[in-house]
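Student: Listed below are the residues making up each chain.
Number of protein chains: 2
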Amino acid sequence: MTTCDVIVVGAGISGLSAAKLLHEKGLDVLVLEARDRVGGRTCTAYGEGFGYCDVGGSYVGPTQNRLLRLSKELGIETYKMYDKGQYTFLTGGRPTQYKPLPTSWNPFKTMDLLHMLRLIDEYGSKIPADAPWDCPHAAEWDSMTMKEFWEKHCWTKAAHTFGDLIVESFVTAKSHQVSMLWFLWYIKQCGGFDRCCSTVNGGQERKFLGGSQQISLRMQELLGDRVKLNSPVVRVEQGQDGVTLYTGTQDSFQARYVVFSIPVPLQLKVTFDPPLPTPRYQLIQRVPMGSVLKIMVYYERPFWREKGYSGLIIIEEEDAPVCFTYDDTKPDGSYPCIIGFCPADKAIHFSQLPEEERKMLICKSYAKAFGTEEALKPTAYVEKNWMQEEYSGGCYTTYFPPGVLTNFGKVLREPFGRIYFAGTETATQWSGYMEGAVQAGERAARETLHAMGRIPADQIWQEEPESKECPALPFESTFWQRNSPSVGGFLKLLGLTPVLAAAGVGAFVFKKSNL
Amino acid sequence: MTTCDVIVVGAGISGLSAAKLLHEKGLDVLVLEARDRVGGRTCTAYGEGFGYCDVGGSYVGPTQNRLLRLSKELGIETYKMYDKGQYTFLTGGRPTQYKPLPTSWNPFKTMDLLHMLRLIDEYGSKIPADAPWDCPHAAEWDSMTMKEFWEKHCWTKAAHTFGDLIVESFVTAKSHQVSMLWFLWYIKQCGGFDRCCSTVNGGQERKFLGGSQQISLRMQELLGDRVKLNSPVVRVEQGQDGVTLYTGTQDSFQARYVVFSIPVPLQLKVTFDPPLPTPRYQLIQRVPMGSVLKIMVYYERPFWREKGYSGLIIIEEEDAPVCFTYDDTKPDGSYPCIIGFCPADKAIHFSQLPEEERKMLICKSYAKAFGTEEALKPTAYVEKNWMQEEYSGGCYTTYFPPGVLTNFGKVLREPFGRIYFAGTETATQWSGYMEGAVQAGERAARETLHAMGRIPADQIWQEEPESKECPALPFESTFWQRNSPSVGGFLKLLGLTPVLAAAGVGAFVFKKSNL
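First to last, the protein sequences are chains A and B. With the first letter of the first sequence counted as 1, position 137 gets the number 137 in UniProt numbering; the numbers rise by one all the way through. With the first letter of the second sequence counted as 1, position 252 gets the number 252 in UniProt numbering; the numbers rise by one all the way through.
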């Protein structure tokens, strides 16, 4: 039986970051990975017609300093996403061009949208990133869904629909499925709405040249045969002096400490002796992985660029599988590509169709958005259904239905005996992203170092210096973005306030009129 | 390697019902059970000071005809719950007596409560018990939580709070955690609110003499060594001709067909090859088991009976672990007992306390409810934390957060190759109860019979004749129960309708006044 200092379960970016840190501190580590590959929710595919492409987590940007430091150290370069030209908004069968936010000929819609986006950050400012359950409104906000948030604050149907699309796109679940507290926390811990959703200066600013899976592959190289593939852990026994782990392949391994770095709901796959504490066993049944397909469509030419479009499309059409896209052409201009995301209910529904049918529907919506039949003639097509990966269970991350974060959030990274928990879901900054994976992995590694008496408690959590190559800039907002009132506030401004009853009736009619 | 016609996974009532039916048809069956006992979520404890007691599923009543038939065949008698005397409602620190429904000195509260209870059944009448996703309002109702239902329909705080308590008590989760469509379906498929919640003529009318686990124990006897304990299935491989199952104890078994009869989220514990279809793999991450402790407090004398109380208490107090109770004295008068349920968030919270502290808080609330210090002096105390049972994951049943039933409900009992699905969650009548377990088990068994060409498709689902010993009676309702308007409707009746704006303002003020 192999014995070592720390066994890490899961060879995604988080687990490997933990193992790398411990290995560099001179500890004897072992990584057990269920799959036949490292990388977890990052995976780079290779093939004729597209070279390589990230079919999983892919983007990096300012404030993701741990990921930037790690990738730089591993010798992996980044490049900026293409962001020239106009964005496209396809709704009601008609494409419109915009930048940076969709506006409408109807000033109420624009006002409503700006106000709603501002509210997301205003609410977020009251939620502690490291302890959302301590928010003064935690109980109330966790008992509501994001659908209730939109219903409460949006006056126009356009803003509500756009809000729904934001939730689907950001967390691959519907507004009515996610806790309001959790979603607002999620955006907050990414640095706010702009930082989270932007290409320039935001979470999608850059990609890794050669693909994001390299990060894990190079850490695997560093660790050598300390990474064991095809070794799903099925049983964990904790004793006085250490932990014994059993794999489905009948091997067993011993360690003083364990770092668990697998998706939260998949902890159900493991039997623990002694059993998991009640709250954790309830938690892991309550936080499902999101639903998403990631789809790359390749073309002869980047025809959208020629028309002055950036390739970013937001699609609000029921029969379109994809909700939003980016230009995914390689930085040298080769393999012109539109990358699209099919999240939440759409993922469930459209994943049931034959690939050819799905592909056709996607190309049709691109043709409508770009106004050209060229979009109907792809040269290559790559898709990845993350729901089918047994050891991911879905992507991008777990989501929290109402009532779970306040009851069980604290448990997420609470150690259980000699077991510490990593994984992007346990992070306090960019949780759900590769950056969160690194933060969580390194923190869990330092928790074991502290348990072994090697570092004091106040060194477990560490700040990360800002990347020099990719610094964060402030976001410039217009006067209108900062100050546009809610539609309700605007009506009051118009002097209707005194006539309270009339305003009530007016507002009711207004709200029902499906603006 | 053992080969048989059908392997049943899980030796709860559902799995054993399936195995029994197939065994009686002359088929070669095998039951693999993870635990060292049969019974699943039913379990009978034995001990000095209480004789025996059901620490899990326990009740049976009219319309639960399959369970009544099965238990009778197995020679297990039922007895009626004690239901003499008044019920007790403890709220705001003060106990009041009532029967059958709590009323208030405030007619608005009573009107609101009656109207709200009637609405549950009115909505339910529009939901097909066997296909709630086909309800014309399915999408809308599944995007709302029960909290939103109460908010929409209750005018008084009292009714809303009572509604929350109904949800907690019936499904061991909070109003804001469960889909409105799912909860209304749940009550509907039990036969409506009265049938579901009543002792006399309802789901809690009777108990089994000697305990409910006998049902499983006697089926185990019938099946002999065809039931293998301590055999958790961890891997299932399907081929052209059959299925191979592997247990954590390294045994493997072959069968032509499989009936899976384990709690839905615990299907995550099994690796399937080929993998589960996308919708099922998403479903099983999305339907957690409820949270509950079941607590039996034994006394020297049934002092509450002497005071004219039935022993049923509804408790609306934050510091009381238990939400509702029944008299659980044995039918011969021995072992006077109050049985209590600590569900949902309370289960999480109070299960973290030391047993002695929990016991004291419970006895204190009983003392307050019954108005006597005798309640502080129990002679025995038995409790069961179902969240700690690895192979139950919680009790009573899975709950559906918003957005899950419409997307994945159909998948619940959709066969996967040679695998059919039993378990109470897959039932269409009394799902969540022992009755649903029997219905589901026998239906799944007949699905395999049909697959083997032994019965036609139209014999898979079978009606059950009514029990002669325990027939269902209609519920008598008062004129007031049938016809009491909503508070809003009543205000209109008072002639306020024409003054629309004023009514709007009035209603708003009224609603906010925390009646």
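Because the hints were derived from the structure by calculation, they are not lab data. One thing to keep in mind: the hints can contain errors.
[What the hints assert, rightly or not] Which bits of chain B does chain A cover? Going by a derived footprint, with three or more residues having C-beta under 8 angstroms, they are: (1) 9 to 16; (2) 144 to 154; (3) 257 to 269; (4) 292 to 306; (5) 340 to 352; (6) 387 to 396; (7) 460 to 472.
[To be verified] Restricting the straight-line Cα-Cα distance to at most 25 angstroms, the calculated cross-link-like pairs of lysine-lysine (BS3-like) are: (8) A:Lys384 with A:Lys99; (9) A:Lys359 with A:Lys384; (10) A:Lys109 with A:Lys72; (11) A:Lys307 with A:Lys72; (12) A:Lys152 with B:Lys80; (13) A:Lys72 with A:Lys330; (14) A:Lys157 with B:Lys152; (15) A:Lys410 with A:Lys384; (16) A:Lys152 with B:Lys157.
Yeah, the Cβ is synthetic: ideal placement off N, Cα and C, and Gly gets one too.
Student: Is it true that the CA of A:Lys109 sits at most 25 angstroms from the CA of A:Lys72?
Tutor: violated (43 angstroms)
Student: Check, residue by residue, whether the stretch 460 to 472 of chain B contains three or more positions whose beta-carbon lies closer than 8 angstroms to a beta-carbon of chain A, and give the verdict.
Tutor: Not satisfied, violated; 0 residues make the cut.
Student: Using C-beta distances, would you say chain A covers the stretch 144 to 154 of chain B, given that this needs three or more residues below 8 angstroms?
Tutor: Coverage by chain A holds for the stretch 144 to 154 of chain B (4 residues, Cβ < 8 angstroms).
Student: For a C-alpha distance cap of 25 angstroms, please report whether A:Lys152 and B:Lys157 respect it.
Tutor: holds (20 angstroms)
Student: Mind taking a look at whether chain A covers the stretch 292 to 306 of chain B? Criterion is 3 or more residues with CB to CB distance under 8 angstroms.
Tutor: violated (count 0)
Student: Can you confirm whether the C-alpha distance between A:Lys157 and B:Lys152 stays at or below 25 angstroms?
Tutor: This hinted pair holds, its Cα atoms lying about 20 angstroms apart.
Student: Does A:Lys99 lie within 25 angstroms of A:Lys384 when you go C-alpha to C-alpha?
Tutor: violated (29 angstroms)
Student: Does the alpha-carbon distance linking A:Lys410 and A:Lys384 stay inside the 25 angstroms limit?
Tutor: violated (33 angstroms)
Student: Are at least 3 residues of the stretch 340 to 352 of chain B within less than 8 angstroms of chain A when you compare beta carbons?
Tutor: It holds: at least three residues are needed, and the stretch 340 to 352 of chain B offers 4 whose Cβ sits within less than 8 angstroms of chain A.
Student: Between the stretch 9 to 16 of chain B and chain A, are there enough contacts, at least three residues with CB-CB distance under 8 angstroms, for the coverage claim to hold?
Tutor: violated (count 0)
Student: Holds or violated: are the alpha carbons of A:Lys152 and B:Lys80 at most 25 angstroms from each other?
Tutor: Judged against 25 angstroms, a Cα distance of about 49 angstroms means the pair is violated.
Student: Is the hinted pair A:Lys72 and A:Lys330 satisfied, with a Cα-Cα distance of at most 25 angstroms?
Tutor: holds (20 angstroms)
When the structure is compared with the earlier hints, violations turn up for hints 1, 4, 7, 8, 10, 11, 12, 15 and for no others.
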